[in-house]
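Peer 1: What follows is the residue order along each chain.
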Amino acid sequence: MSVALPPLDDLVACPQCDTLHYASALPPNARAHCQRCGIVLMTSQPAAIARVLSLALTAFIMMIAAISFPFLTLDAGGLHNATSVIDAILAFKDGLAFPLAVAVAFFIVVIPLIRLVALIYALGPLVREKPLRSGARKAFGLAERLRPWSMAEIFIVGVTVALIKVAGMAAVTIGPAFWAFAGVVVITVLKDQLICRYSIWEALDQSAA
Amino acid sequence: MGSSGPISGIISARDAGLVACQRCGQVHPRDTAYCTRCEGRLRSRDAESLQKVWAWLIAGMIAYVPANLYPMLLTSTLIERSESTIIGGVVELIEYGSFGIAFIVFFASVMIPIGKFVAIAYLAISVQRHSLSNQHERHRAYEVVEFIGRWSMIDVFVVAILSALVQLDTIATVNPGIAAVSFALSVIFTMLSAQAFDSRLIWDTDRTQHE
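The listed protein sequences derive, respectively, from chains V and R. Letter 54 of the first sequence, counting from 1, is numbered 42 in the working numbering, and no numbers are missing. Take the position in the second sequence, starting the count at 1, then add 131; the result is the number in the working numbering.
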């Protein structure tokens, strides 16, 4: 098919339906949707990359707190049991369920941490206007590819369900790690909403050139 | 940066003789192997997409059977030992009067997985039949499946927390059952199935190029 095309750098294709669009500057705080399937192609938020970086740093620090402090404590009939996030992972350590312990560790702690570290590594130099670190593009690509496998927010909902199941039979005390973990979840959601893949890839590209 | 208007009506990158990067949106001349912007691998369409979708989907459906037959939770208290399956756990919550939570668990553990099996199979079959109808609805279904699939993991995390928390020697202990493993596998397999689906296939009207 012969179509007169502008320079390829002025085009953007929808990642979900392959429709071609012209890429042009958006006014601040605007979103551009795909004309065919309607997904958000790009957003323009002032200083988005700096905000993503600061939220990632905050979430990283809170995640460390969330895995260090007691998460929940249970008291019943004079017996006492304190649980950390690590204990929840180790619940599956026996027998056939062992691979599940590894999977749960990745879903709720390791993958969220990898994503945060990769984002900080890739975007840090961009914000300070320094040259890119080697592998910055791989790091950002990894952070985006791992997004569906990071399940901290699902874990928090699971904890809530578990609390309601236990609340009838024993006294449960919520520890500092619970609030830190809830903080990680909220900050991660805010951070992921700010990420506009197109703009970040473009910034990484221009910074590398 | 932003986008405005499609180019002379709606035309896909492939119809324009180009290949688009799914990670960053950058377009390249056809036959480019790696994206110049983000170094991602370029493929105009994933020719094996449907094979992978079916393979993961069938694996996910198989794993879902033992997930429902075997117990998720093994509870032992002073008086009794009990085992509860996914449905058993929901029934228990209803008996406690926690209808909202019972609904969340039922929705995440039964309705989402079964809805996903149906939706993915429907998407794959409609692409195989080169269906041209309901493209917007099918794309919407794909987005919902991609978004909601991970939430099925709730029940696995409930089991993890309960088993870690309720360890009070003789009074009450809770341990995970084997269904937790097969349920988690089922969720992982169906997530992989949904990710293997190349949504661009929904929109292709001219299929001669990849057959």
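Please note that the accuracy of each hint is not assured.
[What the hints assert, rightly or not] Below, a sample of chain R positions facing chain V; criterion: calculated Cβ distance under 7 angstroms: (1) I141; (2) I142; (3) R145; (4) T216; (5) I218; (6) V222; (7) I225; (8) G228; (9) S229; (10) I232; (11) I243; (12) L296; (13) T304.
[What the hints assert, rightly or not] Not close to chain R: a few residues of chain V, all C-beta gaps over 12 angstroms, as computed: (14) P3; (15) A35; (16) S42; (17) L45; (18) S72; (19) V98; (20) P113; (21) V115; (22) K118; (23) P119; (24) R135; (25) W167; (26) G171.
[Claimed, not checked] Quick list of the computed label-pair ranges, beta carbon to beta carbon: (27) R:M242 <-> V:M157: 38 to 46 angstroms; (28) V:P119 <-> R:E179: 51 to 59 angstroms; (29) R:P197 <-> V:I162: 20 to 28 angstroms; (30) V:R121 <-> R:M242: 22 to 30 angstroms; (31) V:I27 <-> R:G246: 18 to 26 angstroms; (32) R:Y165 <-> V:D(-2): 28 to 36 angstroms; (33) V:P(-5) <-> R:E274: 26 to 34 angstroms; (34) R:R260 <-> V:F57: 49 to 57 angstroms; (35) V:I27 <-> R:L209: 49 to 57 angstroms; (36) R:I189 <-> V:G123: 18 to 26 angstroms.
Quick caveat, the hints were computed from the structure, so don't treat them as lab data. Don't be surprised by glycine CBs; every beta carbon is placed ideally from N, CA and C.
Peer 1: Hint by hint, say whether it matches the structure.
Peer 2: Against the structure, the hints come out as follows:
Taking 7 angstroms as the C-beta cut-off, the interface hint given for R:I141 holds, the closest approach to chain V being about 5 angstroms. The criterion of a C-beta within 7 angstroms of any C-beta in chain V is met by R:I142, whose closest approach is roughly 6 angstroms, and the hint holds. Restraint check, R:R145 versus chain V: the minimum CB separation of about 6 angstroms is within 7 angstroms; hint holds. A cut of 7 angstroms between beta carbons decides the hint on R:T216: the least distance to chain V is about 15 angstroms, and the hint is violated.
For R:I218, the interface hint is violated, since its Cβ never comes within 7 angstroms of a Cβ in chain V; the closest pair sits about 15 angstroms apart. With its C-beta approaching chain V no nearer than about 13 angstroms, R:V222 sits outside the 7 angstroms limit, and its interface hint is violated. Hint on R:I225 is violated. Least Cβ distance to chain V is approximately 12 angstroms, over the 7 angstroms limit. Checking R:G228 against chain V: minimum C-beta separation of about 10 angstroms lies over 7 angstroms; hint violated.
About 5 angstroms separates the beta-carbon of R:S229 from the nearest beta-carbon of chain V, less than 7 angstroms, and the hint is met. Taking 7 angstroms as the C-beta cut-off, the interface hint given for R:I232 holds, the closest approach to chain V being about 5 angstroms. Interface hint at R:I243: violated, since its Cβ lies 12 angstroms from the closest Cβ of chain V, which is beyond the 7 angstroms cut-off. Hint status for R:L296 relative to chain V: holds, with the closest Cβ pair at about 5 angstroms, below 7 angstroms.
Nearest Cβ of chain V to the Cβ of R:T304: about 10 angstroms, over the 7 angstroms cut. The hint is violated. Non-interface status of V:P3 relative to chain R is broken: a Cβ of that chain comes within 12 angstroms, the nearest being about 4 angstroms off. Every Cβ of chain R is farther than 12 angstroms from the Cβ of V:A35; the closest lies at roughly 15 angstroms, confirming the non-interface assignment. Every beta carbon of chain R lies more than 12 angstroms from that of V:S42, the smallest distance being close to 22 angstroms; the non-interface claim holds.
With a least beta-carbon separation of about 23 angstroms from chain R, V:L45 lies farther than 12 angstroms from that chain, consistent with its non-interface assignment. Its closest Cβ contact with chain R, about 8 angstroms, brings V:S72 to no more than 12 angstroms, contrary to its assignment away from the interface. Its beta-carbon lying about 15 angstroms from the closest one in chain R, V:V98 satisfies the requirement of being farther than 12 angstroms from that chain. No beta-carbon of chain R is positioned within 12 angstroms of the beta-carbon of V:P113; the least distance is around 16 angstroms.
For V:V115, the requirement that its beta carbon stay farther than 12 angstroms from each beta carbon of chain R is met, with the minimum near 18 angstroms. Distance to chain R confirms V:K118 as a non-interface residue, since its nearest Cβ pair spans about 20 angstroms, more than 12 angstroms. With 12 angstroms as the threshold on Cβ separation, the claim that V:P119 sits away from chain R holds: the shortest Cβ distance comes to roughly 17 angstroms. Distance to chain R contradicts V:R135 as a non-interface residue, since its nearest Cβ pair spans about 10 angstroms, not more than 12 angstroms.
Separation of V:W167 from chain R is adequate, the least Cβ-Cβ distance of about 16 angstroms exceeding the 12 angstroms criterion. Remark: the non-interface label on V:G171 is consistent with the geometry, its nearest Cβ contact in chain R lying 18 angstroms away (cut-off 12 angstroms). Between R:M242 and V:M157, the C-beta spacing of about 28 angstroms breaks the proposed range 38 to 46 angstroms. At about 39 angstroms, the beta-carbon gap between V:P119 and R:E179 misses the expected band of 51 to 59 angstroms.
Between R:P197 and V:I162 the Cβ separation comes to about 34 angstroms, which falls outside the hinted range of 20 to 28 angstroms. The supplied range of 22 to 30 angstroms is broken by V:R121 and R:M242, whose beta-carbon atoms lie about 45 angstroms from each other. In this structure the hint that V:I27 and R:G246 lie 18 to 26 angstroms apart at CB holds, the actual value being about 21 angstroms. For R:Y165 paired with V:D(-2), a C-beta distance near 21 angstroms fails the hint of 28 to 36 angstroms.
Restraint check, V:P(-5) to R:E274: a C-beta distance of roughly 31 angstroms satisfies the suggested window 26 to 34 angstroms. Against the hinted window of 49 to 57 angstroms, the Cβ-Cβ separation of R:R260 and V:F57 comes to about 55 angstroms, which satisfies the hint. At roughly 55 angstroms, the beta-carbon separation of V:I27 and R:L209 lies within the given 49 to 57 angstroms, and the hint holds. Checked against the given bound of 18 to 26 angstroms, the beta carbons of R:I189 and V:G123, roughly 37 angstroms apart, lie outside it.
In terms of the numbered hints stated before, the structure departs from hints 4, 5, 6, 7, 8, 11, 13, 14, 18, 24, 27, 28, 29, 30, 32 and 36, listed from lowest to highest.
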